[in-house]
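Chains A and B supply the protein sequences, listed in that same order.
Residue numbering for the first sequence follows this note's numbering, beginning at 1 and increasing consecutively.
Residue numbering for the second sequence follows this note's numbering, beginning at 1 and increasing consecutively.
Check before you lean on any hint, since a few could be wrong.
Stated by the list, open to error - Computed from the model, here is a short list of chain B residues facing chain A with C-beta under 8 Å:
hint: 1; residue: G74
hint: 2; residue: Y75
hint: 3; residue: Q109
hint: 4; residue: A163
hint: 5; residue: D166
hint: 6; residue: T180
hint: 7; residue: H295
What the hints contain is simulated information worked out from the structure, not anything from laboratory work.
Beta carbons: idealized from backbone N, C-alpha and C, even for Gly.
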Amino acid sequence: MHPSLSTTASPAAAAFDESDLVRLLTPDGRRVEHPDAAWSGSEDDLLALHRDMVLTRRIDTEGYALQRHGELGLWPPSLGQEAVQVGTARALRPHDMAFPTYRDHGVTWVRGVPPERLLGLYRGSEQGGWDPAEHGVALPAIIIGAQTLHAAGYAMGVLMDEAVGHDDAAKDAAVAVYLGDGATSQGDTLEALSWAASFTLPVVFVIENNQYAISTPTNRPGGVPLVRRADGFGIPGVRVDGNDVLACRAVMETALQRARDGRGPTLIEAVTFRRGAHTTSDDPTRYRESAEEEYWEARDPIARVRALLDATGSHAEALAALDAEADALGEHLRAACRAVPDPDLADLFDRMYVESTPELQEQREAVLAWRALGDEEAAR
Amino acid sequence: MTRMSIAAALNAGLRKALEADRHVMLMGEDIGRLGGVFRVTDGLQKDFGPARVIDTPLAESAIVGTAVGLAMRGYRPVVEIQFDGFVYPAYDQIVNQVARLHSRSGGTQRMPIVIRIPYGGGIGAIEHHSESPEAQFVMTPGLKVLAPSSPHDAYWMVQQAVASDDPIVLMEPKRRYWETGEVGDDPDPLWSSQVRRPGGDATLVTYGPMVATCLAAAEAAAAEDREIEVVDLRTLSPLDLAPVVASVRRTGRVVVVHEAQRTLGLGAEVAARITEQCFFHLEAPVGRVTGYDIHYPPSRAEEHFLPDVDRILDAVDATFDAAGAELASSERPGGIA
């Protein structure tokens, strides 16, 4: 390849300019102030965010292990991205809607999707797994960036329902959409930003900039930070430390409130790092340096909250209980994974349409009869 | 009973749909103030407001992709793709999202979206304005595809499509937009083919803009004492082949006609099904008259691409000469499958 066409230059860890990040908690766990963000939560709030992140990490660890044990065909690890997922999702209200990516195990956890429901897709038993309306969280799109348009459309519906601008927490609603840095290269994402700006939609775009689209680094060196995409659409952009759960929650609350007030969209670039592989199918040692991984390991989102907790008092009892809770969750997931039912053949036909078609019914009966014949022969 | 054009019938049908349900809304490029480039949505924004008849930015993927979100919020979006060839930027959202979300969500998430596409040639347009992509949607599980051919069907089908909880692609025969006909008081059943002209000697199976062409062919044949039955498929997915099968079992001779390119066009499926269900009733191979496997040509050549009365009648003649039909298939413009 001609050198000028190369996109594979690894972003050296030292290249990160952290000066423009909104941050409320330093990597070593010290509280700091920022003019554009505020955290005034209680000790219990801090423990709750910590719990969400620890349990999200446990879901991820179990998912990874289940794949390695052959129980899942694939798993997209979220290790290292717990703060942005939990912090932003905790700023949502029950009647808000979230459009996650397939890596947002923390978002689905916070929205109350039972974690075992994530397993069906990766086990080969489901192509989704839950009712989006039940939990206020959409099914993740596998096609990168497709969900940005769904979120923009949903936000149009919120506007048409006149569910913004009442200064009433019970009435006003907002939409959050999550995307990776890779999705910012997709046309759909740019169309969604254009749409959101054109119609002043109540939607917050959360870019989880985890530095790599599989093996391709975010084109940052020589380019511009992703947050500046917002400028071209005339919407506010915020660049936040994506490993700082307090800052993520704070900037998201501001952005969501802006949306609920009817003042339109916000783009958040949360700077974080995918500590694991893109999925269990790839090998990150082929495309990045150990120095980079060490740099980010030192910025671990859970460790820094834990350091703050340790500094503010004794939480031994709560933390021990959390350890037990995480173990129980792991045990539950391992059992639940093996209990995920195989796909029901008839159901695959029945769910195609609300009103099925004669041709499909014929095919359904034929395959069921054929399978029954096979079962009969096997029984003889 | 009222006489009107297909464009006016679609307009009236959309108006009824907007009146019937406040969750129905229209979205597309230039559909509001301009009333659409074909004026199908003329006056609707004025009467229903810019929040229900929405002029969008120029972005086809977004027009369909945001309809997904609107459907999730409980709306029933009717989106317009300005021309057939412009649907491809939205193809990903149609095939990977609209068509799949009901199934992916275990049947919980409904996608009551109508995607209107003015399609087909014959209007002397430039590139990308004369395509017939219907087979690509017919072969996509999760979608349904309708092709009205008359003002009556246009008026009723658009309302039936909006009322359906499944996603529907409505293929509108753009070169027939201005042709007029009677709109009756009652719709035909949505998922049904209809015999448009009875006849016992041979069967023409067609849909959309080719229905009028096939009826003209049958009229010309009648002048030579040959009675041709014309079946309008109307619904391309699911297919209602019962009237086709009944007709072919009576006539023993059949030609399938469509504008779209031949290879793996809808005619291939219809011919295969006829062969499966009517094999011992056939007096001749199933014939096809279609566009050719080239890009839709520059407009000064479109008369050679589009099936016309002569090509259709030639293909019908070939079914009466079954012995020579196979030999002739590679030479005839119409061809015999």
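To see whether the hints hold, each was checked on the structure:
With a cut of 8 Å, the hint placing G74 (chain B) at the interface with chain A holds, because the nearest CB-to-CB distance is about 7 Å. Here the hint on Y75 (chain B) is kept, as its CB sits about 5 Å from the closest CB of chain A, short of 8 Å. The beta carbon of Q109 (chain B) comes within 6 Å of a beta carbon in chain A, closer than 8 Å, and the hint placing it at the interface holds. Given the 8 Å rule on beta carbons, the hint for A163 (chain B) is violated: about 11 Å separates it from the nearest Cβ of chain A.
Given hint, D166 (chain B) at the interface with chain A, holds; its Cβ is 5 Å from that chain's nearest Cβ, closer than 8 Å. Against a cut-off of 8 Å between C-beta atoms, the interface hint on T180 (chain B) is violated, since the closest Cβ of chain A lies about 32 Å away. The closest approach between the C-beta of H295 (chain B) and any C-beta of chain A is roughly 24 Å, which is over the 8 Å cut-off, so the hint fails.
Checked against the numbered hints listed earlier, the structure breaks hints 4, 6, 7; every other hint is satisfied.
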